[in-house]
Amino acid sequence: MVVNAVVGADEASARLREYCSGLPDVEKKIAESTSPEGAKLVSDFGIGSVPMVVILDEDSSELFRTADIGELEKFFS
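Per this note's numbering, the very first residue in the sequence shown carries number 2; after that it's consecutive.
Hints may be right or wrong, so weigh each one.
[What the hints assert, rightly or not] Straight line, CA to CA, 25 Å or less: simulated SDA-like cross-link-like pairs of lysine to any residue:
(1) Lys-75 x Pro-37
(2) Lys-29 x Gly-9
(3) Lys-75 x Phe-65
(4) Lys-75 x Phe-46
(5) Lys-75 x Ala-15
(6) Lys-30 x Ile-56
(7) Lys-29 x Gly-71
(8) Lys-75 x Thr-35
(9) Lys-41 x Asp-26
(10) Lys-41 x Leu-57
(11) Lys-30 x Ile-48
These aren't lab readings, by the way, just hints derived from the structure by calculation.
Produce the entire structure from the sequences given, and follow the hints as far as they go.
Shown next, in the form of structure tokens:
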């Protein structure tokens, strides 16, 4: 599983970054929206707003997409 997170400088972004950084046993790509890596993730996944987390399976198929920390916590529980 791959967790891709594009974050900004707001409080919601900080909470998503912290949560995603602490996830065990998953590959993580966490990038600022203004960085080249963040811009690539925005382009690759058609992200329209930041923050956003896109979770992929081993075959790179999208499993889940959210900007809501509560939904993300439910997904991983």
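* Please flag the earlier hints that this structure goes against, numbers listed from lowest up. => 1, 8
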